[in-house]
Amino acid sequence: MDAVEYQAKVEALAEDILTDKRLSVDYDRKRQENREALRILREQSQKAKPNSTQSTTAVNMGDFFIQLPLPKALKMMEDAQSELNKAIDDVRQRLKAKVKLLGELEGDERLASVAKAMDLKSVSGQELYGISRK
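Be aware that the sequence shown starts at 0, since it is given in numbering that gives the first Met the number 0, and climbs by one per residue.
Just so you know, the hints here were simulated from the structure itself, not pulled from any lab data. Among the clues, some could well be false.
[Claimed, not checked] Restraint-style ranges between C-beta atoms, simulated for each label pair:
no.: 1; residue 1: Thr18; residue 2: Pro70; range: 30 to 40 angstroms
no.: 2; residue 1: Leu67; residue 2: Glu103; range: 45 to 55 angstroms
no.: 3; residue 1: Thr55; residue 2: Thr18; range: 33 to 43 angstroms
no.: 4; residue 1: Asn59; residue 2: Gly124; range: 27 to 37 angstroms
Backbone N, C-alpha and C fix where the C-beta goes; we use that ideal spot for every residue, glycine too.
Whenever a hint applies, use it, and build me the whole structure from the sequences.
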């Protein structure tokens, strides 16, 4: 591989990394907005009386609003939240792999150590509970 091809490959990979970082930030912003909406819907759900007009809410679906029962709106928002969480996890996994590949391509020890640190897995709630019980 000559220098021009090598530089083009590194630049394309770096651009992909930046794009994934922006995408991760955008998804996180949407997740935060959903979290706020879920909190408000849960508060409304606790205050609303069953089978009353208060037990419905207006939900924005693109260019228009739809009147939905609170439980259905809550379910939709929770599903959207879980989808966003999955999308963020997918982007982060892709980002880790791309940073590792970029470190290998550039032969950069610092970048390789960052990529290695990014491979760490977080402790799940069950694992943390098991650790604290010992």
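**Prompt:** Hint by hint, which ones does this structure get wrong, listed from lowest number up?
**Reply:** none
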